[in-house]
Structure formats: structure tokens, C-alpha cells
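Work the whole structure out from these sequences, hints included.
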Amino acid sequence: MQTSQTMEIQKLDMAVGEDAAEAAAPRFFSAAQFATLQKLGGILTPARNGLPGALEAQAAEFLDFLIGQSPADRKQVYTKGLDALQAASVKKFGKGFAQLEQAQAATLLSPLRQAWTYEPPADPLARFLWAAKTDVRNATMQSKPYITAGGGGARRQGATGLYWHELD
Amino acid sequence: MASKTYDVLIIGSGASGGMAAHTLTKKGAECLLLEAGPQVDFNRARSLKNVYDLPYRGMGKPGRLSHVFQADEFNANQWVDEAQVPYTHDPANPYNWVRVRMLGGKSNFWARMSFRLSDYEFKAKDVDGFGENWPVSYAEMAPYYDVVEGIFRVMGRKEGLKQLPDGNFVEDRSPDGPLITRFGQASKKLGMTVTKIRRALGQGPLASSLNLLLPGAMETGKLTIVPNAVAREISYDKSGGRVTGVHFVDKRTGREMHAKARVVVVAASCLESTRLLLNSNIANSSGVLGRYLHDQFYIVRGVAALIPEAKGGKMGRGAAGSGYVPRAQNLNGKDKKYIRGYCFDLNTGNTPDTRFFPYFGEELEQKIDEWRGAGFSSTIMGEVLPRYENHVRIDKTVKDAWGIPVLNFQCKYTDNEFEMAKDAVETISGVCQELGWEVLNRNTKMFPPGYSIHELGTCRMGDNPKTSVLNKWNQSHDIKNLFVVDGSSFVTGGGQNPTMTILALSMRASEYMAEQMNKKEL
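Sequence lines, in order, name chains A and B. Residue 1 is where the first sequence starts when you use the numbering used here, and the numbers rise one by one after that. Residue 1 is where the second sequence starts when you use the numbering used here, and the numbers rise one by one after that.
Be careful, since some hints might not be right.
Where chain A lies over chain B, by a calculated footprint (3+ residues, C-beta under 8 angstroms) [to be verified]:
#1 29-41
#2 48-56
#3 440-448
Hint data in this document are derived by calculation from the structure and do not stem from the laboratory. Given the structure is predicted, the values throughout are model-derived calculations rather than measurements. Beta carbons are placed, not taken as given, at the ideal position from N, Cα and C, and that holds for glycine.
In C-alpha cells, the structure reads:
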């Protein structure tokens with residue numbers, strides 16, 4: 001007859017998918033939108049002080065996944081905004097945003113120099129840039145490359161937290 | 001198995017239900033308490049994780065808990081699943097209904113802000129003519145606040161303010177930080193008082209029904225708790241004009257059950273209580289059940305500023321401080337464009353939200369480094385007028401996971417709240433500017449109603465059965481053995497967090513119940 005016993009089983013360290021595999025090619029954004037977002041990410045959250053930036057943290061790859069799962073209005077903020085940024089670049093410089101020099105690209109980001117308001121701007125480019133500023137920074141500073149390199153994480157509580165499992 | 005008839009059946013185990021169980025069992029009543037959620041083992045339910053180990057890097061699963069701004073990827077499972085227990089509203093007028101279903105309810109997670117109401121709320125109509133007075137006065141409530149504050153170990157500093165009465169405090173003798181002191185000196189000229197935040201210390205890690213109220217009730221041997229019991233409908237004997245118990249469904253199995261009691265206490269949280277009464281089609285001869293929904297509007301970090309003297313870490317940890325400013329408006333009638341007033345908290349020594357900095361890239365990061373720990377922020381908590389038009393009703397077209405019709409919300413803020421918000425932001429940012437602090441953000445736009453998790457009213461008390469649902473003892477005007485003891489009974493809410501008042505009301509009503517039961521009047 002089996003008796004009740006405490007089972008001592010060694011807990012094994014597990015990796016997450018991002019440790020072991022590359023993200024699939026962009027599934028939500030078009031190639032042009034993705035290239036624009038990648039370039040923008042590098043400008044919004046660059047590598048600094050030995051810590052990775054958006055490019056190294058693969059923030060654009062992560063946002064392709066996150067935004068692709070998001071409600072329609074959030075998707076539209078990104079797609080319309082990325083298209084508007086690309087169009088503004090072609091109009092002003094005759095080439096796509098991803099091909100611009102850093103200084104050229106920065107001239108198209110003037111909405112980020114406006115004071116923040118609770119209601120997001122009506123202009124699709126400004127609205128997108130405001131969203132991307134926060135999302136790219138979080139996607140970078142809450143990534144494993146950033147935190148394991150010594151970054152504290154963008155969350156106010158830091159890089160770790162008490163996770164609530166699903167309740168019975 | 002034949003079920004027994006309990007003296008009292010309590011629906012809900014949060015602050016109000018826990019206090020009812022605590023008080024009634026000590027008076028000798030045999031109580032059955034039903035809780036819609038599970039009993040949670042906090043040690044097993046939570047574990048420490050790195051943010052990058054979460055599937056969405058801590059940014060949350062898109063579309064989940066869209067009304068719960070407090071939710072993040074770490075705590076998402078602690079809130080009620082909106083797909084399981086939905087509600088409806090006009091898309092143009094959203095309501096953020098934030099719910100918890102587990103033993104102890106929201107008292108497991110509250111911010112512990114512990115304030116008394118005053119006669120500026122209990123007798124608000126006498127001050128400005130709007131709405132109704134409560135059927136109780138501050139003097140009648142004060143002894144109950146005293147006891148509740150003792151149980152919850154409320155820490156605070158006495159100020160002698162009529163609009164924020166002092167309590168039975170664990171005295172807070174800590175000095176204000178230098179920046180809070182400066183703010184206090186500047187704001188005094190405007191008639192404002194900066195005091196310490198009054199906060200429940202509780203015992204150990206919690207200040208909850210779970211550790212402060214229910215254990216004592218269990219020790220009496222008079223309390224039976226059934227978790228995962230979702231109340232469907234209160235049973236009512238038309239011939240006798242009495243409630244007889246409640247039909248509930250076992251959350252895990254779907255099994256339908258009925259529990260019997262001589263007295264029913266509804267304490268399911270403000271809007272779940274009203275939903276249950278509306279679905280039971282009882283206690284509404286007045287027609288005001290579901291009406292006068294109100295709360296406090298919140299503008300989180302409505303004013304954010306940079307403090308030059310703390311820039312570059314010059315003050316170190318000495319910059320840190322917090323405080324609370326009680327209502328200072330319309331205390332002598334009407335001297336503003338609006339009636340009633342607002343409270344706000346103060347926080348210095350923080351790092352401002354990156355959104356508020358009009359920079360990006362390297363320049364943004366440099367600014368954040370410069371101003372780290374040199375920020376000021378204030379969250380505004382304004383009184384919302386209880387209006388007949390703001391209400392909930394049953395939406396029969398939508399049902400929850402157990403087939404129970406859901407609530408439809410018809411609620412929006414009006415000019416009184418908007419004017420109050422503008423005045424609050426102007427006043428606070430004016431003080432900052434006088435101090436030479438650089439105002440970075442001035443936001444007068446509040447979150448949608450419900451955000452504060454202080455939903456109140458919809459089952460209000462009053463002396464007149466034609467305009468109120470409950471009498472001064474939280475007892476139904478229509479049905480003598482039915483009591484509703486949570487925030488739904490509020491007549492007005494002030495700007496103060498309501499938990500202390502909910503606890504005091506529940507204790508007071510429960511003592512009355514016990515007395516009436518002893519006299520065989522119930």
C-alpha cells in the first residue's frame with residue numbers, strides 16, 4: 001500500500017524560447033514597416049553604457065509578435081504610423097526611413113519633443129511615435145539581454161516580481 | 001444531506017463580509033459565509049520571476065483585462081477574468097470595474113489608505129444643498145471607526161481637522177522630508193494642510209479580512225466558510241416577506257445549491273451586491289436600486305515636476321518623502337466653480353515617468369539620469385457627485401460563465417468633476433511653481449469611472465423608503481431580514497478612500513443585527 005510521502009524532486013533550470021531560438025521572420029509587419037521600426041528602435045533606445053539597445057534586445061522582433069496579437073486599434077496605430085514615417089522620409093529625403101543617416105532620421109521625430117498629454121495626438125505619426133517611445137524602451141529594458149548585462153529593467157519595481165499563477 | 005438553517009448567511013468575504021462574520025460570530029450568531037472565489041495559499045500561488053521570463057516581457061497579454069489599468073503581466077491572474085464575468089457599457093462611456101474573487105477579496109490587495117469621513121460627507125446636503133444627507137452622523141460613526149482602526153492598526157498623525165477627523169492611531173512620529181515640509185509651508189497659505197498618509201499596518205504581510213477578521217471568527221466555532229460559491233439569486237418567501245437563503249453554484253463543478261438562513265447579509269462588494277439584488281428582483285420598491293453610482297475620480301501623477309535642488313542626486317535619499325492633503329475646498333459653503341472637493345497625495349524623490357520628458361534616445365536617457373530621484377508627483381482623488389443618472393442595471397442579453405445575467409453600466413463624469421480636476425491641477429502646479437519646481441506634466445483628464453476601485457452607492461441608505469434602499473442600519477426598507485453592508489450603501493463618498501467607513505458600517509450593522517436577533521425581532 002502506498003503511503004503519503006513528500007516528493008523531493010530536483011527543480012531543473014529552464015530556458016525560454018528566446019534563449020534558444022531566433023524569432024521567426026516578421027509575421028505582422030511588412031518588410032518595409034519592420035525595417036522602419038528596427039531603425040526607429042535603434043534611435044529611440046540606443047545601446048549605452050555597455051547595455052544593449054533596442055537592436056541588440058531585438059525589440060522590433062518582439063513588437064512584431066506583440067502588436068500582431070493586439071486589438072485592431074493598437075495594430076492600426078503601428079501600421080499607419082510606420083507607413084506615415086516611411087512616407088515622410090521619402091518625401092523629405094527621397095529614400096526610406098531605414099536608409100537615413102541618424103541625424104536625418106531624428107528630424108522626422110519632432111512630435112516626441114511635444115509635451116505629453118493624456119489624450120494621444122490625433123496625427124497618426126505623432127500618435128505612433130508616442131506609443132513606440134514607451135513600447136520600444138520597455139521591450140528593450142525588460143529583455144533578457146538588457147537585464148543580464150546589468151540593466152535594472154524599465155519596470156518601477158525592477159527586473160523581478162512576484163508572479164501570480166493561475167488560481168484553482 | 002439536509003441543510004441546516006444558519007442564523008446568518010453572509011455573501012462575500014472581503015472587508016465588509018469579513019467584518020460581519022467577525023462581529024456576528026463574537027455575538028454568538030452561527031454564520032455561513034459564501035465566497036465566490038477560492039481560498040488562496042499565497043506561498044503557492046505566487047513565485048518570484050524575472051520579467052524577461054514572462055511570455056510578453058512584462059508588457060502583458062494584449063487585450064486581456066483591458067479595463068483593469070492596475071493589471072500587469074505579473075498580477076494578471078489575481079483579477080477577475082473579464083471573459084468569465086463580463087459586463088457591458090456604451091463604448092463612449094467606459095467603466096473600469098476592477099474585481100477580485102478569492103477569500104478576503106480586495107482587502108488582500110488594497111492600498112491600505114485609511115481615512116474617516118466627516119460630517120462634510122455624512123451631512124453634505126446641509127453644506128451645499130446637493131443630494132441627500134446620510135441617515136447617520138459622524139458622531140454616531142466615530143465609536144465604530146475607533147474599533148476598526150484598532151483592529152487594522154492604522155498609523156497616522158493627528159491634525160485636528162474637521163474635514164478629516166483624527167482616529168485611534170498608531171501615532172506616526174516620523175518627520176516630514178524637507179521637500180514635503182517646503183510644499184506644506186507653501187500650500188498652507190492656500191488653506192491646505194499636509195499630513196501623513198494614514199495607512200493600515202495590519203499584521204505581518206497583510207491588512208486583510210483574511211488575517212484580521214476571519215481567523216477570529218473561525219476561532220469562535222460559529223463560522224462555516226464555503227469558497228467557490230457563486231451566488232445566483234437570493235430566495236424570497238413572498239407570503240412572509242422574508243428572504244430565506246441563497247441559491248448558489250459551485251464554481252468548479254457547476255452544481256446548483258441552496259443555503260438557508262434566518263438573516264441574509266449581502267457583502268459581495270458594491271456592484272456585485274447590487275447585481276445580486278437586481279437579479280433576485282427584491283428590495284427595490286423605491287426604484288433606486290442600482291442608482292447613484294459614484295466613486296472618486298483619480299488622476300494619477302496629475303502633476304509631475306522636477307525639483308532642481310535634488311537634481312543629480314544632490315539630496316540623495318533625503319529627497320524622498322510623501323504626504324497627503326485633505327480636502328480644503330468649499331468648507332464654508334461654495335467658494336469654487338464646483339461643489340465638494342478633492343484630496344491629493346504627494347510624493348517627492350521619485351524619477352518622473354519617461355513619457356513626461358519631451359526627448360528621445362540618448363538625450364532622454366541623459367535627462368532621466370540627471371533627474372533620477374529628483375521628481376515630484378501628485379495623484380488627485382476627487383469627490384464624484386452621486387447622481388441618479390449614473391447607474392447599473394441588468395443586461396439580460398449577456399450572461400457570465402455560470403449563466404447569471406451581467407451588469408450594464410450607464411455612468412459618466414460631469415462638469416462638477418471636470419471643474420474640480422482643473423482646479424486641483426492648477427492649485428498643485430501653482431504651489432510647485434512657487435517653490436521653483438519645474439512642472440513637467442499637468443494632466444486634468446481623469447481615468448474612466450471605476451478606476452479608483454472605490455465604487456460606491458447603488459443601494460444607498462436613507463430615512464425615506466421612497467428614495468433609498470436601506471435604512472440607517474443597512475437593513476432593507478422592504479425586507480426586514482436582509483442587510484447590505486458594503487460600499488453600495490454609501491450616500492456620498494467624499495474624496496477619502498472608503499474602506500474604513502465600509503468596515504465601520506458593517507460592524508455597526510452587525511451589532512444591530514445581533515441585538516435584534518437576541519430580542520427575537522429578526
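Hints, verified against the model:
Remark: the segment 29-41 of chain B is confirmed as covered by chain A, as 3 of its residues place a Cβ nearer than 8 angstroms to a Cβ of that chain, reaching the required three. By the rule of at least three residues with a Cβ nearer than 8 angstroms to a Cβ of chain A, the coverage given for the segment 48-56 of chain B holds, with 8 such residues. Given as covered by chain A, the segment 440-448 of chain B passes the check, having 3 residues with a CB less than 8 angstroms from a CB of that chain where 3 are the minimum.
In the structure shown, no violation is registered for any of the earlier numbered hints.
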